[in-house]
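K.L.:
In case you want the letters, here they are:
There are 4 protein chains.
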Amino acid sequence: MPDRYDQVRYELALASRMLANEGVLDAFGHVSLRHPGDPSKFLLSRSRSPQLVEAADILEYTLDAEPVRPTTHRLFAERVIHGCIYAARPDVAAVCHHHAAAVLPFCVAGVPIVPVFHLGAAVGAAMPFWDQQDEFGDTNLLVAKPEEGRSLARALAPHPAVLMRHHGATVVGGDLRELVSRSIFMCQNATYQLQAHMLGKVVPLSAGETRLAGSLNALPTVVGRTWEYWTYRLAEAGRLPPLARAKSRSAPGRSRARGKTGRKQRRS
Amino acid sequence: MPDRYDQVRYELALASRMLANEGVLDAFGHVSLRHPGDPSKFLLSRSRSPQLVEAADILEYTLDAEPVRPTTHRLFAERVIHGCIYAARPDVAAVCHHHAAAVLPFCVAGVPIVPVFHLGAAVGAAMPFWDQQDEFGDTNLLVAKPEEGRSLARALAPHPAVLMRHHGATVVGGDLRELVSRSIFMCQNATYQLQAHMLGKVVPLSAGETRLAGSLNALPTVVGRTWEYWTYRLAEAGRLPPLARAKSRSAPGRSRARGKTGRKQRRS
Amino acid sequence: MPDRYDQVRYELALASRMLANEGVLDAFGHVSLRHPGDPSKFLLSRSRSPQLVEAADILEYTLDAEPVRPTTHRLFAERVIHGCIYAARPDVAAVCHHHAAAVLPFCVAGVPIVPVFHLGAAVGAAMPFWDQQDEFGDTNLLVAKPEEGRSLARALAPHPAVLMRHHGATVVGGDLRELVSRSIFMCQNATYQLQAHMLGKVVPLSAGETRLAGSLNALPTVVGRTWEYWTYRLAEAGRLPPLARAKSRSAPGRSRARGKTGRKQRRS
Amino acid sequence: MPDRYDQVRYELALASRMLANEGVLDAFGHVSLRHPGDPSKFLLSRSRSPQLVEAADILEYTLDAEPVRPTTHRLFAERVIHGCIYAARPDVAAVCHHHAAAVLPFCVAGVPIVPVFHLGAAVGAAMPFWDQQDEFGDTNLLVAKPEEGRSLARALAPHPAVLMRHHGATVVGGDLRELVSRSIFMCQNATYQLQAHMLGKVVPLSAGETRLAGSLNALPTVVGRTWEYWTYRLAEAGRLPPLARAKSRSAPGRSRARGKTGRKQRRS
Numbered sequence: 004m005p006d007r008y009d010q011v012r013y014e015l016a017l018a019s020r021m022l023a024n025e026g027v028l029d030a031f032g033h034v035s036l037r038h039p040g041d042p043s044k045f046l047l048s049r050s051r052s053p054q055l056v057e058a059a060d061i062l063e064y065t066l067d068a069e070p071v072r073p074t075t076h077r078l079f080a081e082r083v084i085h086g087c088i089y090a091a092r093p094d095v096a097a098v099c100h101h102h103a104a105a106v107l108p109f110c111v112a113g114v115p116i117v118p119v120f121h122l123g124a125a126v127g128a129a130m131p132f133w134d135q136q137d138e139f140g141d142t143n144l145l146v147a148k149p150e151e152g153r154s155l156a157r158a159l160a161p162h163p164a165v166l167m168r169h170h171g172a173t174v175v176g177g178d179l180r181e182l183v184s185r186s187i188f189m190c191q192n193a194t195y196q197l198q199a200h201m202l203g204k205v206v207p208l209s210a211g212e213t214r215l216a217g218s219l220n221a222l223p224t225v226v227g228r229t230w231e232y233w234t235y236r237l238a239e240a241g242r243l244p245p246l247a248r249a250k251s252r253s254a255p256g257r258s259r260a261r262g263k264t265g266r267k268q269r270r271s
Numbered sequence: 004m005p006d007r008y009d010q011v012r013y014e015l016a017l018a019s020r021m022l023a024n025e026g027v028l029d030a031f032g033h034v035s036l037r038h039p040g041d042p043s044k045f046l047l048s049r050s051r052s053p054q055l056v057e058a059a060d061i062l063e064y065t066l067d068a069e070p071v072r073p074t075t076h077r078l079f080a081e082r083v084i085h086g087c088i089y090a091a092r093p094d095v096a097a098v099c100h101h102h103a104a105a106v107l108p109f110c111v112a113g114v115p116i117v118p119v120f121h122l123g124a125a126v127g128a129a130m131p132f133w134d135q136q137d138e139f140g141d142t143n144l145l146v147a148k149p150e151e152g153r154s155l156a157r158a159l160a161p162h163p164a165v166l167m168r169h170h171g172a173t174v175v176g177g178d179l180r181e182l183v184s185r186s187i188f189m190c191q192n193a194t195y196q197l198q199a200h201m202l203g204k205v206v207p208l209s210a211g212e213t214r215l216a217g218s219l220n221a222l223p224t225v226v227g228r229t230w231e232y233w234t235y236r237l238a239e240a241g242r243l244p245p246l247a248r249a250k251s252r253s254a255p256g257r258s259r260a261r262g263k264t265g266r267k268q269r270r271s
Numbered sequence: 004m005p006d007r008y009d010q011v012r013y014e015l016a017l018a019s020r021m022l023a024n025e026g027v028l029d030a031f032g033h034v035s036l037r038h039p040g041d042p043s044k045f046l047l048s049r050s051r052s053p054q055l056v057e058a059a060d061i062l063e064y065t066l067d068a069e070p071v072r073p074t075t076h077r078l079f080a081e082r083v084i085h086g087c088i089y090a091a092r093p094d095v096a097a098v099c100h101h102h103a104a105a106v107l108p109f110c111v112a113g114v115p116i117v118p119v120f121h122l123g124a125a126v127g128a129a130m131p132f133w134d135q136q137d138e139f140g141d142t143n144l145l146v147a148k149p150e151e152g153r154s155l156a157r158a159l160a161p162h163p164a165v166l167m168r169h170h171g172a173t174v175v176g177g178d179l180r181e182l183v184s185r186s187i188f189m190c191q192n193a194t195y196q197l198q199a200h201m202l203g204k205v206v207p208l209s210a211g212e213t214r215l216a217g218s219l220n221a222l223p224t225v226v227g228r229t230w231e232y233w234t235y236r237l238a239e240a241g242r243l244p245p246l247a248r249a250k251s252r253s254a255p256g257r258s259r260a261r262g263k264t265g266r267k268q269r270r271s
Numbered sequence: 004m005p006d007r008y009d010q011v012r013y014e015l016a017l018a019s020r021m022l023a024n025e026g027v028l029d030a031f032g033h034v035s036l037r038h039p040g041d042p043s044k045f046l047l048s049r050s051r052s053p054q055l056v057e058a059a060d061i062l063e064y065t066l067d068a069e070p071v072r073p074t075t076h077r078l079f080a081e082r083v084i085h086g087c088i089y090a091a092r093p094d095v096a097a098v099c100h101h102h103a104a105a106v107l108p109f110c111v112a113g114v115p116i117v118p119v120f121h122l123g124a125a126v127g128a129a130m131p132f133w134d135q136q137d138e139f140g141d142t143n144l145l146v147a148k149p150e151e152g153r154s155l156a157r158a159l160a161p162h163p164a165v166l167m168r169h170h171g172a173t174v175v176g177g178d179l180r181e182l183v184s185r186s187i188f189m190c191q192n193a194t195y196q197l198q199a200h201m202l203g204k205v206v207p208l209s210a211g212e213t214r215l216a217g218s219l220n221a222l223p224t225v226v227g228r229t230w231e232y233w234t235y236r237l238a239e240a241g242r243l244p245p246l247a248r249a250k251s252r253s254a255p256g257r258s259r260a261r262g263k264t265g266r267k268q269r270r271s
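Chains A, B, C and D, in that order, give the protein sequences.
Position in the first sequence (from 1) plus 3 gives the number in our numbering.
Position in the second sequence (from 1) plus 3 gives the number in our numbering.
Position in the third sequence (from 1) plus 3 gives the number in our numbering.
Position in the fourth sequence (from 1) plus 3 gives the number in our numbering.
Simulated from the structure, these hints should not be mistaken for lab results.
Treat the hints with caution; some may be incorrect.
Pairs involving identical chains hold if they fit within one copy or between any two copies, as the list cannot separate such chains.
Here are the simulated lysine to aspartate or glutamate pairs, EDC-like style, with alpha carbons at most 20 Å apart [stated by the list, open to error]: (1) Lys204 to Asp134; (2) Lys204 to Asp137; (3) Lys44 to Glu69; (4) Lys148 to Asp137; (5) Lys148 to Glu63.
Given only the sequences and the hints, what does the whole structure look like? Please build it.
P.N.:
Listed below in structure tokens is the structure:
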């Protein structure tokens with residue numbers, strides 16, 4: 004990938020770590036981006052926990068989820084999720100697959116997530132539920148085969164997210180920032196929905212409210228504020244992605260700050 | 004704003020960060036203060052997450068929520084909440100609008116928050132519930148128009164707080180410290196009420212207890228203790244607001260400590 | 004208080020901060036110790052959040068909760084809780100009053116806490132419930148008058164702890180370490196009991212198990228392990244009490260490490 | 004133990020701290036490893052909280068839970084759990100006994116943990132429940148006598164884990180990494196199961212899914228990813244075990260970094 008994509012790969016690593024820092028991703032889960040210069044390719048990390056992903060870990064894949072260049076790195080078993088969704092949904096530029104703790108109880112109970120507060124409208128009115136068992140019988144529940152990925156993409160259809168029985172969720176966005184905010188708001192929505200259920204009654208937004216509030220997370224005042232805030236929190240935790248090697252070579256004084264754990268790292 | 008208000012703006016930034024640090028505010032929410040020298044104005048940050056607000060971000064507004072001086076900054080879409088409440092409630096000197104996780108389940112389920120422990124009495128006996136849908140039909144749920152702000156202020160009436168259906172809450176105080184403690188105790192109260200509900204029975208304070216315990220948070224031993232504690236926790240997290248520029252210029256040794264994330268910052 | 008009690012006051016400040024660090028105490032709550040040389044006195048901090056208490060904050064009180072020496076410091080309104088219990092219970096050497104989040108739902112719902120796991124047996128088989136309303140009608144719920152303190156002590160009777168309706172709990176111990184472990188295990192027990200209730204059935208320990216497991220927290224392997232662990236966690240958070248002034252004067256290099264927030268402080 | 008086992012003891016201390024850092028272990032709980040060179044012995048720390056265990060704390064025991072060499076250290080009262088399981092289960096190379104908060108509600112309510120998400124399949128289809136009361140009547144609930152340890156091992160039978168009424172759980176693994184991931188996934192599974200129960204319906208994996216997904220945590224992409232992630236999190240928290248003394252002697256510059264709390268320690 005040419006140097007002009009360095010910034011794109013940094014942004015993807017940033018989004019990956021941001022989603023980990025906000026509790027959407029943990030040891031597992033992954034975020035991808037459609038290649039900005041070639042819609043028939045996408046960018047995704049080698050197999051690595053999302054909190055640890057760096058720009059240098061990010062590889063190019065074709066839409067059938069094969070690496071564009073030969074690599075010796077281990078790859079995610081479930082990268083077909085990304086390829087099949089990019090193939091089926093030309094409007095999608097970013098995909099996140101996760102096992103967020105806030106969402107898993109719904110995946111276990113088979114209860115749909117519905118929008119229950121204004122920012123939660125970003126998940127849409129009717130989130131589909133996909134059960135791998137229905138089409139493939141007993142599996143290890145990984146979405147590793149092309150036909151499994153295609154089945155998931157069919158279930159997603161034109162929706163912003165799909166729940167995966169006994170497994171997690173997959174969320175899509177028109178760009179990386181929409182994807183990040185939608186993934187975070189979906190987890191908050193799930194938490195509030197569970198607790199409202201315990202209080203006795205879950206009243207979702209009306210169809211009209213869902214439609215009108217569904218684009219709140221694209222407002223410049225909202226995007227500007229959340230991106231600054233989530234970046235601040237990532238920096239505060241010492242978890243920003245390291246800068247690219249070329250740059251750090253010209254700033255050797257920074258090298259001590261990028262230790263294994265990154266706790267002292269600061270963005271210049 | 005003349006220099007004599009520097010301390011006031013610092014206190015407002017401090018309150019904003021304190022409420023973020025204690026879990027009342029997150030990427031969203033805002034705190035305002037009636038102008039101490041002119042009751043027809045109020046002070047509120049430009050559009051920014053409350054954890055990041057500095058004294059320099061705080062602007063003056065008229066009660067119709069227009070900035071007193073022209074500005075190129077982005078402003079909060081919901082600043083009418085503050086203006087309309089200051090106009091309707093001469094006794095109110097400070098306002099906080101938030102989406103606290105502790106309160107949202109009640110906003111979804113439509114269940115009233117009632118005082119369930121002595122410090123929770125600060126929220127009053129009968130908290131009103133406002134549903135934007137009732138008067139305005141389908142909206143994006145933001146309180147952005149003057150008539151929406153006035154409707155919310157009417158629902159608040161003489162109460163210390165109002166719940167907002169599918170959205171959050173707005174809390175008021177006679178001064179900034181009362182506002183902060185009331186907002187924090189209201190979240191604790193909501194958490195205990197939800198869990199008591201799960202145990203089987205929510206027994207609120209009696210009317211007499213609510214009245215007598217309602218002013219506990221104004222006792223000097225209570226205000227002194229909580230303000231020291233919440234400030235300590237903010238300092239411990241490295242999240243105190245930066246000191247004003249004039250002062251930091253005369254203390255250049257401090258400049259390294261006020262990096263982007265503020266983790267090493269200490270109040271002198 | 005003579006110098007030989009410096010260590011005792013340091014231990015009390017340590018216990019106070021430990022209980023705050025483990026989530027039993029927050030902005031409120033207080034821990035006291037019967038005076039080791041004079042059973043008709045007790046030691047308790049001036050009015051201050053327990054996380055901030057230092058040895059120098061600790062004052063001597065008579066059992067009627069008056070300070071032994073005149074002081075200009077603000078004092079806790081509820082210090083009669085301690086005096087009345089020391090007067091009524093010669094076996095008690097340490098008292099903790101708290102509003103722990105784990106316990107409050109039980110105080111609201113009026114549901115008794117029962118021992119549900121081996122370490123929870125430290126709270127005893129039958130925890131009494133005290134409602135200030137029963138004897139005093141509507142109050143602000145503070146236990147501030149001697150007759151309120153005596154009423155609470157009568158309700159406590161020979162038990163290890165008493166729940167206080169709409170308010171919190173008071174726990175006692177034969178020494179400071181028993182008090183600390185009992186307070187922490189009681190909160191854990193409450194959390195597990197609430198969640199077991201949600202699973203459908205709370206089965207308490209048998210009377211025999213409660214009696215046999217009730218002294219586990221006095222075993223040398225248990226006391227040694229927990230005290231080391233909770234001290235470690237306090238030190239890791241940078242929250243150990245500062246050393247006495249006399250000592251720090253002879254070790255000036257340490258002074259920088261004991262800043263306002265204490266984050267860098269380490270015990271030598 | 005000869006020097007060639009230094010790395011083994013370091014790995015065991017690492018696993019112990021990792022399980023504490025991920026919330027499986029707290030002040031209590033312990034992890035052991037069958038001796039890699041002698042299956043009739045096992046390695047276990049002296050009595051100490053698992054977050055604090057260092058390689059130097061780890062002692063060798065015979066399968067009847069007696070130390071191989073005389074020691075003046077305090078030992079865990081419940082070390083028979085480990086010895087009896089190694090004696091009964093030749094396939095087991097690592098054992099963890101814990102009181103994890105996620106699991107305790109099930110131990111109190113007597114509700115079985117069942118696999119509810121793909122990674123949770125690591126706990127197996129049918130987790131046995133052991134109640135010390137059944138065979139031994141009223142006890143202090145510690146598993147301290149050989150006959151109690153043998154009874155627990157019989158209840159475990161060929162399963163990956165056993166729940167202990169009013170006490171906690173014991174988990175086993177074919178190697179240390181399988182044990183760690185199984186223990187962590189079991190806690191996540193318990194949390195999701197409890198919340199799914201609150202949503203109304205717990206649907207476990209099918210028998211076939213449990214069998215197929217049960218070995219996911221042995222996949223190289225999974226083991227590699229989780230071990231890197233949990234180690235990163237431990238390092239980030241400043242909680243890695245100190246390096247062995249011999250090495251630190253040759254690297255004196257590191258000594259300052261291994262203070263009591265370890266916050267500044269970094270692995271070289």
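K.L.:
Next, verify each hint and record whether it holds.
P.N.:
Against the structure, the hints come out as follows:
1. Proximity of Lys204 and Asp134 under a CA criterion of 20 Å is satisfied inter-copy only: 16 Å between copies versus 26 Å inside one chain copy.
2. For a Cα distance limit of 20 Å, the shortest separation of Lys204 from Asp137 across copies, 19 Å, qualifies, whereas the shortest one inside one copy, 30 Å, does not.
3. Only within a single protomer do Lys44 and Glu69 lie at most 20 Å apart by alpha-carbon distance; the minimum there is 10 Å, versus 48 Å between protomers.
4. Proximity of Lys148 and Asp137 under a CA criterion of 20 Å is satisfied intra-copy only: 15 Å inside one chain copy versus 48 Å between copies.
5. Proximity of Lys148 to Glu63 under the C-alpha cut-off of 20 Å is restricted to the intra-copy arrangement: shortest distance 19 Å within a copy versus 47 Å between copies.
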